[in-house]
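Chemist: Each chain is listed here by its residues.
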Amino acid sequence: MNPYLAGFLLGLVLLGTIYVTGRGLGASGAVKSVVLSTVVKVAPGHAANTPFIKSYSEEHPDGPLKDWLVFEVIGVIIGAFFSGVISNRVGIKLERGPNITNRTRIIAAIIGGAFFGFGSQLGRGCTSGAALSGMAVMSFGGLITMVAIFGSGYAFAWFFRKLWLK
Amino acid sequence: MGPLVPFIISNEFNLIIALIAGIGFGFVLEQAGFSSTKKLVGLFYGYDFTVLKVFFTAGVTAMIGVLLLAQWGLLDLSLIYINPTFLWSALLGGAIMGVGFIIGGFCPGTSICAASIGKLDGLAFVLGGGLGVIVFAEGYPLVKNIYLSEAWGGVLMNEMLGMSKITFAFLLTTVALIAFYLTGLLENRVNGIPTAVNKKKKIIYASSIGFAFVVLAVIAFFPDSKNRMEARINKNVVQKDFTSASVPADKLASEIVNNYYQINIIDVRDTAAFRVYHLPFAINIPYAKMADRQWEKILDQKHKINYFYADDQQVAAKAYLLAGYLGSAENYILSGSAINFRKLFSNLTSPGAEANKSEIDTYNFRQKAATDMKMLVNALKNSSEPVIAKTTKIKGGC
Chain A
16 MNPYLAGFLL
26 GLVLLGTIYV
36 TGRGLGASGA
46 VKSVVLSTVV
56 KVAPGHAANT
66 PFIKSYSEEH
76 PDGPLKDWLV
86 FEVIGVIIGA
96 FFSGVISNRV
106 GIKLERGPNI
116 TNRTRIIAAI
126 IGGAFFGFGS
136 QLGRGCTSGA
146 ALSGMAVMSF
156 GGLITMVAIF
166 GSGYAFAWFF
176 RKLWLK
Chain B
277 MGPLVPFIIS
287 NEFNLIIALI
297 AGIGFGFVLE
307 QAGFSSTKKL
317 VGLFYGYDFT
327 VLKVFFTAGV
337 TAMIGVLLLA
347 QWGLLDLSLI
357 YINPTFLWSA
367 LLGGAIMGVG
377 FIIGGFCPGT
387 SICAASIGKL
397 DGLAFVLGGG
407 LGVIVFAEGY
417 PLVKNIYLSE
427 AWGGVLMNEM
437 LGMSKITFAF
447 LLTTVALIAF
457 YLTGLLENRV
467 NGIPTAVNKK
477 KKIIYASSIG
487 FAFVVLAVIA
497 FFPDSKNRME
507 ARINKNVVQK
517 DFTSASVPAD
527 KLASEIVNNY
537 YQINIIDVRD
547 TAAFRVYHLP
557 FAINIPYAKM
567 ADRQWEKILD
577 QKHKINYFYA
587 DDQQVAAKAY
597 LLAGYLGSAE
607 NYILSGSAIN
617 FRKLFSNLTS
627 PGAEANKSEI
637 DTYNFRQKAA
647 TDMKMLVNAL
657 KNSSEPVIAK
667 TTKIKGGC
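Protein sequences appear in the order of chains A and B. Residue 16 is where the first sequence starts when you use my numbering, and the numbers rise one by one after that. Residue 277 is where the second sequence starts when you use my numbering, and the numbers rise one by one after that.
Only chain B is shown next, with the shape it has when bound in the complex:
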């Protein structure tokens, strides 16, 4: 599941990715004609709206793509970089950039493109940009208050408007189309020549618009991969027989005593219940969080056997099924609940004199296992503390 960095692609190789992404970025910007300042400022004087067309099409395409990848379960939206909102600095900074745009005729990306193909004004703009950065760095104490005020964090547009992501996507796509149409009219008026749109072009435009809305509709009306998985689990948990996947408490206890280093004991209850009591060496992965990136190393590996338990047998079974979808580890369920396990291995009362041999054996076994587990937990205290894995939030932005 994406993003691939840093889990699948290392941070070092990421720099090569940056180079490749940059080549694509620079190529398209230049092909769009953005190395020409006349084309860029045309936006502000109404004679050329190429910037708006390219910019809006790119934004809408990427936005729909991000939603589609998320729906397919290919991209984890909780990990991608969201530009944080600092209200005043965003507005004031944007306003200053607008002035720079109309005086200089470029923005940073396009000036670099222009400089790359030998435009001296582009190069001058890049140098000016460096100058502006120095001025900002030197004058930082003066603007610090504005720079840091109204920090809202990574809020999203749809949250601000109180709508779902997909509704906002519909809205923005529609706004883009209206803008394309109206600016087209304006362009014709300012230039005094209507641009002829031939039949072939009309068909291509219409089908592209149709395609965009079909994709949006698919995202809106089909259940996403998470819901599909949930539905499958709910169906299987009733239908499937878990006998072969279930392990009795005694067996698990003996695994803990003898093979603790070859097994993961996974508590899928919530953190509060985990804190009150958990099995020796247990890791807490609440059921709702099992799909999180940080647990991939536990759920998708071939070295250790995973044992799932909860208070409710059905929850443990669901966790078992989910683990099967999420990874290729060998999984089992503990029969009975956490409470049951606790009962069996603490405060043991010795069987009476009339007990038969098997009862005495069981008692002896549990007694020994309980002591051994306690000893092991104490001996391995440091290494058996549940490891808190951190999910790295990706850094980005300019």
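Chain A on its own, in the form it takes in the complex:
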């Protein structure tokens, strides 16, 4: 799809969401919701002793099954899968730079995910929740988070070029 058209459509989805619900889109919050609720279920004693998890479960007494972002991400999975089906892109695959092994790619993805997961908690939102949704409502916090994400991406791109380039 033409990137500008995709952007326009994404903007309309975001606008519709803001109009109906008063809030923007997100992604990392759903990961947080699922992970922390799992910790509460699996190790309730430990969760009660960890201040961040404790305050989270106090704020969300209904658990992940009543969390807005969890439902939204379930939708993302459905929507992305549907898009993959009609564009013939569904299938077990691993995408990596030309000079690394599959194993390196998986490890890098896990490490990168961990950085992103940690950073999104510290920065109160990821590219979707803070940067994109923040831009739509002109939030200063959202915009500086966006600048920091992409600025740091460029700053470190050279160091990790072997992961991606020839």
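Simulated from the structure, these hints should not be mistaken for laboratory data. Fair warning: there could be bad hints in the mix.
[Stated by the list, open to error] With a cut-off of at most 30 Å between alpha-carbon atoms, the simulated BS3-like pairs for lysine-lysine come out as follows:
{"#": "1", "chain 1": "A", "residue 1": "Lys181", "chain 2": "B", "residue 2": "Lys314"}
{"#": "2", "chain 1": "A", "residue 1": "Lys108", "chain 2": "B", "residue 2": "Lys314"}
{"#": "3", "chain 1": "B", "residue 1": "Lys420", "chain 2": "B", "residue 2": "Lys671"}
{"#": "4", "chain 1": "B", "residue 1": "Lys420", "chain 2": "A", "residue 2": "Lys81"}
{"#": "5", "chain 1": "B", "residue 1": "Lys314", "chain 2": "A", "residue 2": "Lys177"}
{"#": "6", "chain 1": "B", "residue 1": "Lys420", "chain 2": "A", "residue 2": "Lys56"}
{"#": "7", "chain 1": "B", "residue 1": "Lys527", "chain 2": "B", "residue 2": "Lys633"}
{"#": "8", "chain 1": "A", "residue 1": "Lys81", "chain 2": "B", "residue 2": "Lys573"}
{"#": "9", "chain 1": "B", "residue 1": "Lys657", "chain 2": "B", "residue 2": "Lys527"}
{"#": "10", "chain 1": "A", "residue 1": "Lys69", "chain 2": "B", "residue 2": "Lys671"}
{"#": "11", "chain 1": "A", "residue 1": "Lys56", "chain 2": "B", "residue 2": "Lys671"}
[As the list claims (entries may be wrong)] Pulled from the structure, derived: some chain B residues nowhere near chain A, Cβ distances all over 10 Å:
{"#": "12", "residue": "Lys478"}
{"#": "13", "residue": "Gly486"}
{"#": "14", "residue": "Arg508"}
{"#": "15", "residue": "Asn512"}
{"#": "16", "residue": "Pro524"}
{"#": "17", "residue": "Arg551"}
{"#": "18", "residue": "Glu572"}
{"#": "19", "residue": "Lys578"}
{"#": "20", "residue": "Tyr601"}
{"#": "21", "residue": "Ser604"}
{"#": "22", "residue": "Asn616"}
{"#": "23", "residue": "Ser622"}
{"#": "24", "residue": "Thr638"}
{"#": "25", "residue": "Phe641"}
Note that the Cβ used here is the ideal one computed from N, Cα and C, for glycine as well.
For chain A, the structure is supplied; the task is to place chain B on it using the hints.
Modeler: Same frame as chain A, now just chain B:
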């Protein structure tokens, strides 16, 4: 008026909305090619700026749309979620996310898309994300100070730059267009092949840009719905005759005594004046705040009759007109001011011996009404306290 949740759409149904919004979100992200990590990191190595194009177009589209809906009076900007600013945690968190982006090749939303269509690296990134959340939760005491420092609240970009929202919107749209142009040049250079833009595409691009600026100009130069309503009220308040909508104090007093449960008495003066004196059972809705969401239940209903009063007859008339625009309730104005009402129903002096029958009747009526109102107010003290309705601020963010 939006947002529709939780006033028009319940919080339970909101979860279905979340699912639908998510489907749209996931579909567009995947269609844009964001399930491919090569496309995503292309941004950082200069060979593919799709991320920037999609991201900026989406942000600008939504931003202009939000302003347009607000101008039409369809969206109440004071209720929508604004990501709060915590300066250091936003910058440091963003920097850490940037590292994650360049190592992992995804961001959370795109990794979920990738995992959905079977990309194992996407799945690994999602699992890594969960790991990162656990590390943060466990290590929270160590970063707590950074996490909570420099809390500025929901400040807006335009406030920081000292400009109006619309000026900032113009600015950001222009920046986006310049970025599209420059990254296009860069992309061609890095890839060594110029992308051909045919005539049809050029026309579409030019007209889309034109359209965006026309919408911005409309927002900038046309009065918004609030101003239009204000102008209409100011015109009508002079021209219209309010005799049929006015109710004398005695009539209202008898309504209070006999039908207090069927009427709303609305004091549109400011809160200070309301505190000094107000009519029995009166609710304080200052004129400037009448359009607030929390009063919708009073101004737009068909069960109770609304009586408006102020110190100034014209203010009461304006409130009456505004109430007519805001809702479908049956509205009246109290003739005379609050002070007048107070004079009539407190410290009554009995008429002299030479008073005629109608004067004595009036005195007796007012005397009885005053006692009855006092009695009623005392009897219903608990239920007649002005109800402080809370407007729920919407929660959001990741």
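Chemist: Now tell me if each hint is right for this structure.
Modeler: Against the structure, the hints come out as follows:
1. A:Lys181 to B:Lys314: holds (12 Å)
2. A:Lys108 to B:Lys314: Roughly 13 Å between the alpha carbons, so the hint for lysine 108 of chain A and lysine 314 of chain B holds.
3. B:Lys420 to B:Lys671: Since the Cα atoms of lysine 420 of chain B and lysine 671 of chain B sit roughly 21 Å apart, the hinted pair holds (cutoff 30 Å).
4. B:Lys420 to A:Lys81: holds (27 Å)
5. B:Lys314 to A:Lys177: With Cα atoms ~13 Å apart, lysine 314 of chain B and lysine 177 of chain A stay inside 30 Å; holds.
6. B:Lys420 to A:Lys56: holds (24 Å)
7. B:Lys527 to B:Lys633: Holds, at roughly 19 Å.
8. A:Lys81 to B:Lys573: holds (27 Å)
9. B:Lys657 to B:Lys527: Roughly 23 Å separates the two Cα atoms, so the pair holds.
10. A:Lys69 to B:Lys671: holds (19 Å)
11. A:Lys56 to B:Lys671: holds (25 Å)
12. Lys478: Holds, since 13 Å exceeds 10 Å.
13. Gly486: holds (14 Å)
14. Arg508: holds (25 Å)
15. Asn512: Nearest chain A Cβ is 30 Å from asparagine 512 of chain B, so the label holds.
16. Pro524: Correct as stated: the minimum Cβ-Cβ distance to chain A is 44 Å, above 10 Å.
17. Arg551: Fine: 32 Å to the nearest Cβ keeps arginine 551 of chain B off the interface.
18. Glu572: Correct as stated: the minimum Cβ-Cβ distance to chain A is 15 Å, above 10 Å.
19. Lys578: The claim holds: lysine 578 of chain B sits with its nearest Cβ about 26 Å from chain A, beyond 10 Å.
20. Tyr601: holds (21 Å)
21. Ser604: At about 23 Å from chain A, serine 604 of chain B clears the 10 Å cut-off, so the statement holds.
22. Asn616: holds (43 Å)
23. Ser622: holds (46 Å)
24. Thr638: holds (53 Å)
25. Phe641: holds (50 Å)
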